[in-house]
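There are 2 protein chains.
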Amino acid sequence: MFSKETYINRRNQLRKQFNTGVLVFLGNEESSMNYEDNTYRFRQDSTFLYYFGLNRAGLYAIMDIESGNDYIFGDDFTIDSIVWMGSQPTIKEMASSVGVEHSGAVNEFYQKVKSYPTDKVHYLPPYRPEHILKLMDALGFNKEEVKKKVSIPFIVAVGEQRNIKSEEEIKEIDYAVSVTAWMHQAAMRFARPGMTEAQVAAKVYEVALAEGGDISFPIIATINGQTLHNHYHGNTIKEGQLFLLDAGFETPMGYAGDMSSTFPVGKTFTNAQKEIYEIALRAHNAAIDMLKPGVNFRDVHLQAARIIFDGLKDMGFTKGDTDDAVANGAHALFFPCGTGHLMGLDVHDMENLGEQYVGYAGMPKSKQFGLKSLRLGRELKPGYVLTIEPGIYFIPELIDLWEQTGTNKEYINFDKVNQYRNFGGIRNEEDVLITPDGHKILGEPLAKSIEDVEEERKKAFLD
Amino acid sequence: MFSKETYINRRNQLRKQFNTGVLVFLGNEESSMNYEDNTYRFRQDSTFLYYFGLNRAGLYAIMDIESGNDYIFGDDFTIDSIVWMGSQPTIKEMASSVGVEHSGAVNEFYQKVKSYPTDKVHYLPPYRPEHILKLMDALGFNKEEVKKKVSIPFIVAVGEQRNIKSEEEIKEIDYAVSVTAWMHQAAMRFARPGMTEAQVAAKVYEVALAEGGDISFPIIATINGQTLHNHYHGNTIKEGQLFLLDAGFETPMGYAGDMSSTFPVGKTFTNAQKEIYEIALRAHNAAIDMLKPGVNFRDVHLQAARIIFDGLKDMGFTKGDTDDAVANGAHALFFPCGTGHLMGLDVHDMENLGEQYVGYAGMPKSKQFGLKSLRLGRELKPGYVLTIEPGIYFIPELIDLWEQTGTNKEYINFDKVNQYRNFGGIRNEEDVLITPDGHKILGEPLAKSIEDVEEERKKAFLD
Numbered sequence: 001m002f003s004k005e006t007y008i009n010r011r012n013q014l015r016k017q018f019n020t021g022v023l024v025f026l027g028n029e030e031s032s033m034n035y036e037d038n039t040y041r042f043r044q045d046s047t048f049l050y051y052f053g054l055n056r057a058g059l060y061a062i063m064d065i066e067s068g069n070d071y072i073f074g075d076d077f078t079i080d081s082i083v084w085m086g087s088q089p090t091i092k093e094m095a096s097s098v099g100v101e102h103s104g105a106v107n108e109f110y111q112k113v114k115s116y117p118t119d120k121v122h123y124l125p126p127y128r129p130e131h132i133l134k135l136m137d138a139l140g141f142n143k144e145e146v147k148k149k150v151s152i153p154f155i156v157a158v159g160e161q162r163n164i165k166s167e168e169e170i171k172e173i174d175y176a177v178s179v180t181a182w183m184h185q186a187a188m189r190f191a192r193p194g195m196t197e198a199q200v201a202a203k204v205y206e207v208a209l210a211e212g213g214d215i216s217f218p219i220i221a222t223i224n225g226q227t228l229h230n231h232y233h234g235n236t237i238k239e240g241q242l243f244l245l246d247a248g249f250e251t252p253m254g255y256a257g258d259m260s261s262t263f264p265v266g267k268t269f270t271n272a273q274k275e276i277y278e279i280a281l282r283a284h285n286a287a288i289d290m291l292k293p294g295v296n297f298r299d300v301h302l303q304a305a306r307i308i309f310d311g312l313k314d315m316g317f318t319k320g321d322t323d324d325a326v327a328n329g330a331h332a333l334f335f336p337c338g339t340g341h342l343m344g345l346d347v348h349d350m351e352n353l354g355e356q357y358v359g360y361a362g363m364p365k366s367k368q369f370g371l372k373s374l375r376l377g378r379e380l381k382p383g384y385v386l387t388i389e390p391g392i393y394f395i396p397e398l399i400d401l402w403e404q405t406g407t408n409k410e411y412i413n414f415d416k417v418n419q420y421r422n423f424g425g426i427r428n429e430e431d432v433l434i435t436p437d438g439h440k441i442l443g444e445p446l447a448k449s450i451e452d453v454e455e456e457r458k459k460a461f462l463d
Numbered sequence: 001m002f003s004k005e006t007y008i009n010r011r012n013q014l015r016k017q018f019n020t021g022v023l024v025f026l027g028n029e030e031s032s033m034n035y036e037d038n039t040y041r042f043r044q045d046s047t048f049l050y051y052f053g054l055n056r057a058g059l060y061a062i063m064d065i066e067s068g069n070d071y072i073f074g075d076d077f078t079i080d081s082i083v084w085m086g087s088q089p090t091i092k093e094m095a096s097s098v099g100v101e102h103s104g105a106v107n108e109f110y111q112k113v114k115s116y117p118t119d120k121v122h123y124l125p126p127y128r129p130e131h132i133l134k135l136m137d138a139l140g141f142n143k144e145e146v147k148k149k150v151s152i153p154f155i156v157a158v159g160e161q162r163n164i165k166s167e168e169e170i171k172e173i174d175y176a177v178s179v180t181a182w183m184h185q186a187a188m189r190f191a192r193p194g195m196t197e198a199q200v201a202a203k204v205y206e207v208a209l210a211e212g213g214d215i216s217f218p219i220i221a222t223i224n225g226q227t228l229h230n231h232y233h234g235n236t237i238k239e240g241q242l243f244l245l246d247a248g249f250e251t252p253m254g255y256a257g258d259m260s261s262t263f264p265v266g267k268t269f270t271n272a273q274k275e276i277y278e279i280a281l282r283a284h285n286a287a288i289d290m291l292k293p294g295v296n297f298r299d300v301h302l303q304a305a306r307i308i309f310d311g312l313k314d315m316g317f318t319k320g321d322t323d324d325a326v327a328n329g330a331h332a333l334f335f336p337c338g339t340g341h342l343m344g345l346d347v348h349d350m351e352n353l354g355e356q357y358v359g360y361a362g363m364p365k366s367k368q369f370g371l372k373s374l375r376l377g378r379e380l381k382p383g384y385v386l387t388i389e390p391g392i393y394f395i396p397e398l399i400d401l402w403e404q405t406g407t408n409k410e411y412i413n414f415d416k417v418n419q420y421r422n423f424g425g426i427r428n429e430e431d432v433l434i435t436p437d438g439h440k441i442l443g444e445p446l447a448k449s450i451e452d453v454e455e456e457r458k459k460a461f462l463d
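Taken in order, these protein sequences are the chains called G and P. Using UniProt numbering, you'd call the opening residue of the first sequence number 1 and step up by one each time. Using UniProt numbering, you'd call the opening residue of the second sequence number 1 and step up by one each time.
In short, the hints are calculated from the structure, not lab data. No experiment lies behind these values; they were computed from the predicted model shown. Be careful, since some hints might not be right.
In silico lysine-lysine, PhoX-like type, Cα no more than 25 Å apart, as pairs [claimed, not checked]: (1) P:Lys-4 - P:Lys-148; (2) P:Lys-143 - P:Lys-16; (3) G:Lys-149 - P:Lys-92; (4) G:Lys-147 - P:Lys-147; (5) G:Lys-147 - G:Lys-120; (6) P:Lys-112 - G:Lys-143; (7) G:Lys-274 - G:Lys-238; (8) P:Lys-4 - G:Lys-112; (9) P:Lys-147 - P:Lys-4; (10) G:Lys-143 - P:Lys-148; (11) P:Lys-147 - G:Lys-114; (12) P:Lys-143 - G:Lys-143; (13) G:Lys-143 - P:Lys-114; (14) G:Lys-147 - P:Lys-114; (15) G:Lys-416 - G:Lys-367; (16) P:Lys-459 - G:Lys-203; (17) G:Lys-274 - G:Lys-458.
Work the whole structure out from these sequences, hints included.
Written as structure tokens, this is what we have:
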């Protein structure tokens, strides 16, 4: 936890955005796996963590703008639960530790909310079913009303505030990214032909847990890197294949790191792998070079797309005018996702509040295949933290679909593409802070060039 | 997955328990951590797994008893999601793979349920908030009605059927227990003074993940074994302390193992630790020896309690007549929990259906402190799988409470107890099958005697 003053200051800054009304914050509950008391690890709501810092299930908070009073609600533990869980601070003690004077039991939260007219109550979009049930109870809404009546001013105020990372947050994220780099380094120094993907993922997870935190999102550890959100770890990995790892550390305070690396399952890359890896890395480095205040991230993305399209043109996969091709989304056959996203307490920061507000400042988002998956499309400001992760993927299902429908056929040499249909995917990913003058790559360095990656890979084969 | 016939046979056996009505099965959804798409690992509902075997989020099933028709509902993936997740079988193909002829989309599930009078619809107790919302939508009930109108006949039929494990289930559980033993062995051979609890827990987790499964419940890895459900892993472990590990493997099919072990952080136990360890182990072995069909597990528990009370009497912690003391619950100062619980697809098998029905066959459960935490109190039958895990704990908060209130003061020497108030806790735990003639301990053996544990510990200090 940060100091009491940090949370008081954050709440005061938020309070200034409102003249009237009541802000309601729902802390998260434990999440059950296969019966109520068998739970996943607890993850507190990030906005609750940001303004109240308390990492315990079953809490609620209210900021009453007019009275200036802040409240925390929760039920104290009984002696029975102390036997099972050890002694615990009271709700009053917890509230006081983050500078909140008023506290009460859960039923008092419901009484308090019901004491206001519903149109004065601001709340954020529910992303867990428990949030919907709680808001239905507190406000007397049905499920559809709960979803419809979220507060846009609350979303915008939280989004703008959390988007600018403070010095102490940057230090915490830098640590998250360093541990993330260690996780990737551990995989590079461990994976060998004949292992399963699960064995490599397990080693990566061990590093995160041993550090006292957890993973910031489900680990992608796969020889099928072309499947962007692939969580299957059942394959045995073989010489000649590429291994794509996308994994990040979450600090005990909840801040995320997020990196991707791609390395050969054997000791060295093949020539074809090297050629395509170099294109992806060129796009990656060019994107990072562009980062500074005032630049629209959409332009960073499109520049990465152009470099990828150009590189693939040199290899014969694509053809035609690069600017036209990218304007038509032809690069998205190989690069159907975005160049990066905001990162902070969430690995996709504030995705629960809506990309439209947080990543696009309310501006319209493209509906074009590829570009519609870009999560960040606004002007960068000092204090933003974001990922850079352009990639090149050969997705057989997508190749077939585009070929059958003739999509962007003036820009794609399908014969050549089909020769590489089982190539897989390549992505590097780093986390970057926007500084007043430019940018800074966060965390300790991880091998990224072909030479450095192959150097790390040697260590996996030492004994 | 088991064969198609296994699932067909299980459903047919269930169907025989009903003459009329409709059985509704809710598969689980993905569970969100900090925003909708950042999810915990998926855990399917165990009853859904048992009858339908499909391990994918967003499925629903119906068994219409009168027509004899079974249905599976879910939404097929779109081409967009195939790009992100790889190609996937259709709902129709999945249904067919487990012998279900009828399938449809999610909205058809709601239409189907609404086509029956609500009093013909049987459903099991909801344990996730998403279940409550779905049942509200499908049945037009409010939250309280959903909780009140669960089907006792459905609970009892599922409980009785799932309680008797088949040959193929026993094989799977035996494997789960073997991996569980490897997890414990890895910890014993790894932990050293100066490490954190988290480092040991991470090593244990790695073994589970590398095997391609996961953990069956949150790992307890602590020098504060007296706190029964302690998930804090932040302490640095020191020479002279006891380390208590309670952890289990979950196979990819969902079956659980669950073992506990207690070992010295240094190479050897102290004399005091040895004395108390021997008492706990004596109770453990005596409890296992009693296991056979026809024995009521409550008697096994009370026998373990008597051995613990007797052993502690020899050491001067307790006094008076053992039978009277145990009848009055005096042992519960040191042993406030149960000797074991049923285990299968859930580590506490079917805890979501209610212990009252599954573990007590509808018989009344004791309200006495200690005995009320016993999860199993019925006659054992061949095919039951259960844990044996008596323990001895010195819980400072509980000692103070009992001393202040004079609870069972005729049986407790509080002066002596207070000398050990920082001793910690000791527990061994194994998983046992009830056979027609007696019992069988499942899985590969794990060091349990003081000599064997100290032998394992030497390996942690080899280099």
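Results for each hint:
Between Lys-4 of chain P and Lys-148 of chain P, the direct Cα distance comes to roughly 34 Å. Violation of the 25 Å bound is thereby established for this hinted pair. For the proposed pair Lys-143 of chain P and Lys-16 of chain P, the alpha carbon gap of about 31 Å is over 25 Å, so the pair is violated. For the hint pairing Lys-149 of chain G with Lys-92 of chain P, the CA-to-CA distance comes to about 37 Å; that exceeds 25 Å, so the pair is violated. About 24 Å separates the Cα atoms of Lys-147 of chain G and Lys-147 of chain P, which keeps this hinted pair within 25 Å; it holds.
For the suggested pair Lys-147 of chain G and Lys-120 of chain G, the alpha carbons sit about 16 Å apart, so the restraint of at most 25 Å is met. The suggested pairing of Lys-112 of chain P with Lys-143 of chain G holds, with an alpha-carbon distance near 21 Å, which does not exceed 25 Å. At most 25 Å may separate the alpha-carbon atoms for a hinted pair to count; Lys-274 of chain G and Lys-238 of chain G meet this at roughly 17 Å. Of the supplied pair hints, the one linking Lys-4 of chain P and Lys-112 of chain G is violated, its CA atoms being roughly 54 Å apart against a limit of 25 Å.
Restraint check: the Cα-Cα separation between Lys-147 of chain P and Lys-4 of chain P comes to about 33 Å, which exceeds 25 Å; the hinted pair is violated. Between Lys-143 of chain G and Lys-148 of chain P, the direct Cα distance comes to roughly 21 Å. Compliance with the 25 Å bound is thereby established for this hinted pair. A threshold of 25 Å between alpha carbons decides the hint, and for Lys-147 of chain P with Lys-114 of chain G the separation of about 24 Å falls inside it, so the pair holds. Between Lys-143 of chain P and Lys-143 of chain G the alpha-carbon distance is near 12 Å, which keeps this suggested pair within the 25 Å criterion.
Proposed proximity of Lys-143 of chain G and Lys-114 of chain P is supported: the alpha carbons are some 18 Å apart, at most 25 Å. Note on Lys-147 of chain G and Lys-114 of chain P: the hinted pairing holds, with a Cα-Cα distance of about 24 Å set against a maximum of 25 Å. Straight-line distance between C-alpha atoms of Lys-416 of chain G and Lys-367 of chain G comes to about 28 Å, which puts the hinted pair past the 25 Å bound. The suggested pairing of Lys-459 of chain P with Lys-203 of chain G holds, with an alpha-carbon distance near 21 Å, which does not exceed 25 Å.
With a CA separation close to 17 Å, the supplied pair Lys-274 of chain G and Lys-458 of chain G stays within the 25 Å bound.
Taken one by one, the earlier hints fail for this structure at numbers 1, 2, 3, 8, 9, 15, listed in ascending order.
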